[in-house]
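Each chain, written out:
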Amino acid sequence: MLDQLARQIEALLVATEEPVTVGRICELTGCGTESAEQAVLRIEAELASGGHSIVVARLAGGYRIVTDPELGFIVGQLFEGKRHSRLSRASLETLAVIAYRQPATRAQVEAVRGVNSDSAMRTLLERDLVKIEGRQETPGRPLLYGTTSRFLEYFGLNKLEHLPRTNEMENLLKLSAEDIERLASELSGEESDQII
Amino acid sequence: MLDQLARQIEALLVATEEPVTVGRICELTGCGTESAEQAVLRIEAELASGGHSIVVARLAGGYRIVTDPELGFIVGQLFEGKRHSRLSRASLETLAVIAYRQPATRAQVEAVRGVNSDSAMRTLLERDLVKIEGRQETPGRPLLYGTTSRFLEYFGLNKLEHLPRTNEMENLLKLSAEDIERLASELSGEESDQII
Amino acid sequence: MSADGQTACRIDIQDFEGPLDLLLFLIRRDELDVTTIHVAEVAGQYLDYIREAEDLNLDIAGEYLVMAATLTRMKSRLLLPVERALMDDTEDPMETLMRHLVLYKAFKEVASELRENESIWRDVYTPPGERDRYEEDVTVTDPGQTSLLELLLALENMAEKNAPAPRHRIHKPLLSLTECVSVLDRLLSLESAKDFSDAVGKDADQAVVVSFFVAILELVKRGWITTEQSYPFADIVMKRKTERWEMNA
Numbered sequence: 001m002l003d004q005l006a007r008q009i010e011a012l013l014v015a016t017e018e019p020v021t022v023g024r025i026c027e028l029t030g031c032g033t034e035s036a037e038q039a040v041l042r043i044e045a046e047l048a049s050g051g052h053s054i055v056v057a058r059l060a061g062g063y064r065i066v067t068d069p070e071l072g073f074i075v076g077q078l079f080e081g082k083r084h085s086r087l088s089r090a091s092l093e094t095l096a097v098i099a100y101r102q103p104a105t106r107a108q109v110e111a112v113r114g115v116n117s118d119s120a121m122r123t124l125l126e127r128d129l130v131k132i133e134g135r136q137e138t139p140g141r142p143l144l145y146g147t148t149s150r151f152l153e154y155f156g157l158n159k160l161e162h163l164p165r166t167n168e169m170e171n172l173l174k175l176s177a178e179d180i181e182r183l184a185s186e187l188s189g190e191e192s193d194q195i196i
Numbered sequence: 197m198l199d200q201l202a203r204q205i206e207a208l209l210v211a212t213e214e215p216v217t218v219g220r221i222c223e224l225t226g227c228g229t230e231s232a233e234q235a236v237l238r239i240e241a242e243l244a245s246g247g248h249s250i251v252v253a254r255l256a257g258g259y260r261i262v263t264d265p266e267l268g269f270i271v272g273q274l275f276e277g278k279r280h281s282r283l284s285r286a287s288l289e290t291l292a293v294i295a296y297r298q299p300a301t302r303a304q305v306e307a308v309r310g311v312n313s314d315s316a317m318r319t320l321l322e323r324d325l326v327k328i329e330g331r332q333e334t335p336g337r338p339l340l341y342g343t344t345s346r347f348l349e350y351f352g353l354n355k356l357e358h359l360p361r362t363n364e365m366e367n368l369l370k371l372s373a374e375d376i377e378r379l380a381s382e383l384s385g386e387e388s389d390q391i392i
Numbered sequence: 393m394s395a396d397g398q399t400a401c402r403i404d405i406q407d408f409e410g411p412l413d414l415l416l417f418l419i420r421r422d423e424l425d426v427t428t429i430h431v432a433e434v435a436g437q438y439l440d441y442i443r444e445a446e447d448l449n450l451d452i453a454g455e456y457l458v459m460a461a462t463l464t465r466m467k468s469r470l471l472l473p474v475e476r477a478l479m480d481d482t483e484d485p486m487e488t489l490m491r492h493l494v495l496y497k498a499f500k501e502v503a504s505e506l507r508e509n510e511s512i513w514r515d516v517y518t519p520p521g522e523r524d525r526y527e528e529d530v531t532v533t534d535p536g537q538t539s540l541l542e543l544l545l546a547l548e549n550m551a552e553k554n555a556p557a558p559r560h561r562i563h564k565p566l567l568s569l570t571e572c573v574s575v576l577d578r579l580l581s582l583e584s585a586k587d588f589s590d591a592v593g594k595d596a597d598q599a600v601v602v603s604f605f606v607a608i609l610e611l612v613k614r615g616w617i618t619t620e621q622s623y624p625f626a627d628i629v630m631k632r633k634t635e636r637w638e639m640n641a
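Heads up: the protein sequence lines correspond to chains A, B and C, in order.
Under this note's numbering, the first sequence is numbered contiguously, ending at residue 196.
Under this note's numbering, the second sequence is numbered contiguously, ending at residue 392.
Under this note's numbering, the third sequence is numbered contiguously, ending at residue 641.
Hints should not be assumed to be uniformly reliable.
[Claimed, not checked] Simulated crosslink set (DSS-like; lysine-lysine; CA at most 27 Å straight-line):
hint: 1; chain 1: C; residue 1: Lys497; chain 2: B; residue 2: Lys355
hint: 2; chain 1: B; residue 1: Lys355; chain 2: C; residue 2: Lys500
hint: 3; chain 1: C; residue 1: Lys613; chain 2: A; residue 2: Lys131
[Unchecked claim] Okay, the calculated bits of chain A under chain B, using three or more residues with CB under 8 Å as the criterion:
hint: 4; region: 7-13
hint: 5; region: 45-54
hint: 6; region: 67-80
Note that these hints are calculated values from the structure, not bench results.
The beta carbon of each residue, even a glycine, is placed where N, CA and C say it ideally should be.
Between the sequences and the hints, there should be enough to build the whole structure, so can you do that?
This is the structure:
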């Protein structure tokens with residue numbers, strides 16, 4: 001039966017997105033290094049004696065609780081074929097700009113969003129929500145992106161004209177077309193030697 | 197001491213990104229519905245008897261393992277700053293109307309609340325508690341909104357029928373259906389040019 | 393908001409979620425029952441309140457004013473029995489408003505129950521999920537189904553491996569298309585396939601990889617070579633299709 005400290009630490013190690021160092025454990029629970037380390041041992045013993053499927057992994061200088069690698073053949077199935085079910089904020093923003101401006105270059109997207117949109121763009125391509133539509137006939141010949149029919153399906157739309165125009169998206173597109181063109185040409189000037 | 201089936205299921209419920217339905221558990225482990233449900237009970241019992249910090253939650257039509265809410269004050273520290281604020285009253289009211297009335301148009305929500313619900317709606321969309329479900333086939337073709345499975349998870353609900361006072365609200369809505377439609381059509385008449 | 397402290401003991405319009413909310417407050421303050429209350433009794437108070445708020449130059453949302461107008465109309469109808477008799481066949485707006493209040497009240501209550509759920513479940517945390525540990529192992533596409541995207545990802549992968557720090561953009565000059573094509577021309581034969589990584593060399597830098605990649609895209613487009621990839625991030629296998637490559641064509 002786990003004591004209160006071990007319970008607290010166990011909860012941290014289950015919920016964390018990255019390994020938690022002993023130092024951080026002490027900071028968050030208010031215990032000392034030694035107590036923390038011993039509590040981790042108690043957690044391990046209790047998990048083992050209950051025959052549980054999770055183990056404490058010692059990774060990157062910290063701890064986290066993950067499923068027993070022996071059960072990988074079961075757990076792996078969860079992620080088979082099925083891609084991320086939800087779009088991140090960054091992806092959605094990127095998608096929005098492309099949807100409303102299409103065809104759009106990456107520089108145009110970045111001009112609107114004000115941040116690098118590389119990985120968002122990649123996610124969208126991977127998930128078949130966005131496709132390459134050609135190249136713009138300007139210096140550097142940047143790639144032009146547009147939305148796919150999967151995009152319409154994903155958002156339950158019949159056609160592009162049914163796109164919602166909520167204020168959120170309007171905010172994104174507050175910049176006038178000229179502003180975007182100007183910003184985009186500045187950006188693509190910087191990047192013209194980067195082809196993709 | 198957990199048996200092999202329970203171990204497998206436990207691993208699934210820890211590793212998953214969204215609640216796993218009984219059907220999916222059966223599919224992935226090759227067991228029957230009844231065995232799956234009983235295994236979940238064994239997992240719960242074993243977690244409780246070991247004094248562990250995690251529990252099986254029945255959410256959005258499935259199971260997933262989550263940390264004990266009692267330990268929220270510890271675990272929450274890991275996500276400080278990254279955590280969403282609580283929903284505003286306007287958002288909660290808007291969400292309530294959508295939840296019971298779905299699919300609902302914004303005009304219908306505003307008809308019930310008697311007040312503009314634009315920004316509340318935006319927050320709910322942003323936070324993935326509400327989604328666009330299509331368009332209503334009436335003049336102006338307003339967007340239709342419904343709740344997401346994230347919504348159920350957010351409020352710890354297993355299914356929509358577990359919303360508070362479902363029957364009572366259903367009856368009330370039936371009684372006021374005409375009023376709502378009348379008010380909504382007045383509202384959407386005013387606003388039809390906002391929607392594209 | 394310019395209340396100047398005068399409103400200290402007053403109700404603040406910002407505390408309300410609209411005219412219905414305010415009406416409910418006034419009803420509850422007088423301990424009246426929504427289902428039996430004659431709305432006219434509250435209408436007076438509502439109008440007083442709005443008038444005061446206006447005097448204080450408070451910013452009043454349009455909905456409050458619309459409700460004020462509605463209530464005023466109702467009050468005047470009460471005073472004019474003739475008009476009331478004439479309107480008898482249409483529905484009583486007061487009843488409609490009362491139904492509306494009942495409905496809104498119910499939603500308000502439900503919303504506060506949801507608030508309780510929220511406060512419990514906000515303290516519940518989920519494990520982050522283990523997609524990262526498993527996804528790459530299991531995503532396999534059919535051999536020979538190389539899409540442009542997979543090609544791009546493969547490039548990304550190779551370029552990343554070779555890049556010391558991925559923070560900066562590439563500014564190295566690229567090889568010309570003709571240069572790359574002539575290298576590939578020498579390398580590829582009609583008989584056997586060749587790996588992309590062999591073509592560019594094991595430790596090729598990012599700029600070289602990019603140059604060759606673009607060259608390959610061009611060659612695929614012209615139908616001079618075919619490419620295959622057994623799974624995402626795998627090496628691209630190239631095969632020559634035509635004997636003669638005339639770049640100027």
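Verdict on chain B covering the region 67-80 of chain A, where coverage means 3 or more residues with a C-beta closer than 8 Å: The restraint on the region 67-80 of chain A holds, since 7 of its residues have a Cβ under 8 Å from chain B and three suffice.
Restraint check for Lys355(B) with Lys500(C), where alpha carbons must lie at most 27 Å apart: Answer holds: Lys355(B) to Lys500(C) is near 21 Å, not above 27 Å.
Regarding the pair Lys613(C) and Lys131(A), is the alpha-carbon distance no greater than 27 Å? Holds - the C-alpha atoms of Lys131(A) and Lys613(C) are around 17 Å apart, at most 27 Å.
Would you check chain B against the region 7-13 of chain A, counting CB to CB pairs closer than 8 Å, and say if three or more residues qualify? Result for this restraint: holds, n = 5.
Tell me if the straight-line CA distance from Lys497(C) to Lys355(B) falls inside 27 Å. 24 Å, holds
Count residues of the region 45-54 of chain A with a Cβ under 8 Å from any Cβ of chain B, then say if the count reaches three. holds (count 8)
Going down the numbered hints, you'll see the structure goes against none, and every one checks out.
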